[in-house]
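Chains as they are written, first to last, in my numbering: chain Z, -6 to 312; chain R, 8 to 152; chain G, 95 to 602; chain B, 1248 to 1333.
Treat the hints as calculated values from the structure; they're not laboratory data. Yeah, the Cβ is synthetic: ideal placement off N, Cα and C, and Gly gets one too. A portion of the hints provided could be inaccurate.
Ranges of calculated distance between the beta carbons of each label pair, as one might list FRET restraints [stated by the list, open to error]:
#1 G:F144 to Z:W33: 50 to 58 Å
#2 Z:A129 to R:T151: 55 to 63 Å
#3 B:E1278 to Z:E199: 34 to 42 Å
#4 R:E73 to B:G1306: 47 to 55 Å
#5 B:G1306 to R:T151: 19 to 27 Å
#6 R:K55 to Z:D88: 33 to 41 Å
#7 Z:S22 to R:G24: 52 to 60 Å
#8 R:G125 to B:F1291: 17 to 25 Å
#9 Z:E155 to R:E149: 22 to 30 Å
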Amino acid sequence: MSHTEHIEPIFRTSPERTAKMMAIMLGISVVGAAIFFGMWDYWISAPPVAGLGPAAQQPTAPVAVTGKEIQVSLSFVESADFRTLAFNALPGEPDNNPDIHANVGDKIIFDVVNSGKSFHAFGVTQEDEGFTGIIAGSEIASASNPLRPNQSGQSEFIPTKEGTYYYICTVPGHREQGMVGQIIVGPKQSSGTQTVKPTGASHNFEFNFVESSDFRTLGFNALPGEAGSNPEIRVKAGDSVTVKVTNTGKSFHSFGVVTNPEDFNSIVWNSAISSASNPLKPGQSGDVTFTAGATGTYYYICTVPGHSIQGMQGKFIVE
Amino acid sequence: MVKVSGHSTWPEWIYIGVVVALLVWVGAEAWNVERLIEHVPADAQIIKVTGQQWFWTFEHADGTKEIGELHLQKGKPYKFEITSKDVIHSFNIPDYVVLQDAVPGRINTVWFVPKDTGEFPIQCREYCGLIHYNMRGTLYVEDTA
Amino acid sequence: MVLEIQKPRPIWQIMFSTHHTDVGLLYLITSLAALFMGGALALAIRLELFFPGAQIIADSMTFNRMFTVHGTTLIFLFILPFASAIGNYLIPIMVRYKDMAYPKLNAIAFWMIPPGFALIWLGFADFTWNAYAPYSIISAPGPAADMWIFGLKILGVSSILGAINFIVTILKCKHPDLPLSKIPLLAWAYLTSSLIMIVAMPTFAAALLMLLTDRLAVSGFFNPAMGGDPIAYQHLFWFTFHPEVYVLVIPAIGFMYEIIPRFSRKPIFSHSSGVAAFILLSIVGFASWAHHMYASGMSFTEKTVFMVGTLAAVPASAMHVFNFLATMWGGRIRFATPMMWSVGGIALFFSAGAGGVVNSAMPLDFVTHDSYWVVGHFHLFVMGTIAFGSFGFLYYIFPYVTGRMYNEKWGNIHFITSFIGAVMIFFTQHVLGLYGMPRRIFDYPPFPEWIAMNQFASIGGMLLGVSAAIFLANMIYSSAKGKEANMDDPWGIGGKYYYPYQQKNPHH
Amino acid sequence: MKKIVGLSCMLTILLVLPTIQYVFAQDAPGEYLDRRVEIWNLFFRMMTVAFVIGAIVSGTLIWLVWRFRESNPKAKPTKYEEAGEW
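The whole structure should be built from the sequences, with the hints applied where relevant.
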């Protein structure tokens, strides 16, 4: 191929040019590095929106003041052959008959739509079978005057005591066909300041996060089974409690007092120290002061998912 | 035509023939072995395996649960029904060449027969976050007695 | 550090030029910067794994972020831009046109890289370079993850624009009396790899968008909590990135097609079989993506289909190896640095390929999936083949770029140390995988075999680090003070070169 | 040519043996097949072949490098050199 004619003269790179180029690249690197290391931890400070559980949607952990509202939207669905009925999704699919977690005094607001083809009505009962005992105010339409397809309605329900309630379709037989879900009502919670008057008394507790060498069992202060592991705490309602935790382990931990040890989102009284998405690194420690709320049995746990099941949980009893 | 130094092409054709033959052999062998190990014995016991950040939960047929530890009987066939609570993990027992992804929202199965008693490491093979490196468990194979 | 087409200009003029050699130079420098930054991360990772337990890296989060950025950087910011650099230098000359088809588009494609670079490096995401859902959706902390997604979005668009440019330049701007069958194999390499890029990349671009909206919880394509399917993401991802592997390797093969005949003092053995192999690969390459997902719960049938698809891609690569060996046969070979890199590249290319064939057997996936075998395998490709080919071609084009000669002795030392180092790391990693060590782990239980092999690999890593330092010093020193190259024939081996300022522009 | 013959022999052997193996393996009653054995045997069969091929190819490569290097006394100019065209 013809590619042999020269365009004279041949210019060659000079040391100055190379030096200049290196200086430019070095400058860019230095500036970049400055920003990079300066912001190091900021870039991973925000947990993804999609990752947060429903309870954690409110940034400050769900302090259940009476009058806290829980929005629940449900829809009646039916299988093609109308034999199986359910809320939101047919059995086996995700979000089928979702459990509702609430605490005594919370206001649950139902927004129910009939996305099926037949007629349905809504209600909350404590009976574990049948369609009787519907709690006043919780019902939407009725078996005699049901919701027609694509109609919807609202109702409210304020649980008055702990236990399990059921939200059902009050049309006879529909509950048996699967249109039933649970409402699990936890102990009454309160922000302490509003319902419980401060007693002035204050306690200090110190915990260390400890891990077994194989990381499989975890505990506070000592591994489960050893002396002084997960000590039980008793305080009076209204006492101000100061907790200082130190991560003496190798992995990541965070602290919180919860109503349900399985559910690291049920933190009460703003008692959290750091969080699962931004936990205490090994050697770090943190503290928090909060006022113990209504009497009852609570748990202090490591709010990193799984850790409480692995042993990082102790009783926190308010008298 | 561009300048080339190739004179005859038959060596290349033979070469390609050999390569293809080898590939066919590899494919056949692999297909055969896969067919054998995919066949689950009817009497295999089902173990429900659940992965979550960052530990394994095992549920036996009788409903007993174990966390991070799995106790099995020597010489019995077991079928793992593997799923995940949060992100994708991969259930792996290197010594028994058992490996299957734990995918949230679906159940994957793999079966094996523990032939030797002893302790074998269980680990997570799919990157799953902070403590992925330590999402480990132990398989205890005990004599049927 | 630039070959002057016109009289010497200030550097900022070169930066904002749209001439193909200037853009090529910018690509070249950027890719080398990325090479050294990504390599530094690799060294840190190897040091960390030298002993079990935390060594130099404080926590697993940092470690995870490091290997994520290591992979992303070297694939998207070293290999691809380097290929574009060489393409910019030589493709217009090889098809005898005055410049790339769309000079401005060319410059734009380059200038999309720095923002992507910045996003990826500032964010330092932690969800590995393939960002599997749902981890990347529900668990990976932002804004790092979102920045990574945006960064890759930009880089993806940039490489699509680059690919369009190459395709048009080669197909539409080649000299009228130069039929497509006659353009050099390097140009053919760019044509085919660009075509693959055009077909494959949009899929990933779409997947990235879905990932982003999923992270914002406004959609749930891949989020099981919202009824999505995480496996769908893996399919979209690998539909792009298995062909992408060929996008990465084909230019490297092209480099060898340029270097090996040159230094063997012989024309290529068979131009047509090279072309055939390229075309074959670019088609069959789309039939094998899901072999990355055997363990994700695929059915026996699916596995079989994709294994066959994988094996079908092998003969093409085998033809290249044959072509190389047959070209060297009966030549009079000058083992200058570029030739050394190419021959070493062929050797490792073959080993990687053989390992790949073995690994494509479905049952073996139970052994190798996500273990260090996989790491060793693809590093043999990206380092052993692609990077080696690229280094070789960098030495080959060095006199063209700087007008000066690199230091031959240190070039050889660079090759030898790199070759030994690569073999030490990557072959050891294969065995490590067979011993069951998972990849992407910050710490490992102190099994004696694991420790021993990790340390051996890490020593190889250090060796690579040393060779990289030698390389950098050689490049800087030679570009400034190296002896002036004889621009007609830098190695004194005769023959005709494709030579940036030699070309007579056929159009004026 | 000999190379090919040798290869094909080896292939037939490698194909026949495992077939026989597992035909007999099926007969034993109550015996579950051990995935370890199956998979690792497959692996080692393939590695055997891989290393044989590897030896051939890398052997060829090394010989080429040694034989056709410029500094080899037997090296002579290729017929393209006087034209200076390649």
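Hints versus structure:
1. A hinted range of 50 to 58 Å for the beta carbons of F144 (chain G) and W33 (chain Z) is inconsistent with their spacing of about 24 Å.
2. A hinted range of 55 to 63 Å for the beta carbons of A129 (chain Z) and T151 (chain R) is consistent with their spacing of about 60 Å.
3. For the hinted restraint 34 to 42 Å between E1278 (chain B) and E199 (chain Z), the CB-CB distance of approximately 59 Å leaves it violated.
4. Hint check: E73 (chain R) to G1306 (chain B), Cβ distance near 53 Å, so the stated range 47 to 55 Å holds.
5. The beta-carbon spacing between G1306 (chain B) and T151 (chain R), approximately 52 Å, falls outside the hinted interval of 19 to 27 Å.
6. For K55 (chain R) paired with D88 (chain Z), a C-beta distance near 21 Å fails the hint of 33 to 41 Å.
7. The beta-carbon spacing between S22 (chain Z) and G24 (chain R), approximately 53 Å, falls within the hinted interval of 52 to 60 Å.
8. Against the hinted window of 17 to 25 Å, the Cβ-Cβ separation of G125 (chain R) and F1291 (chain B) comes to about 23 Å, which satisfies the hint.
9. Hint check: E155 (chain Z) to E149 (chain R), Cβ distance near 43 Å, so the stated range 22 to 30 Å is violated.
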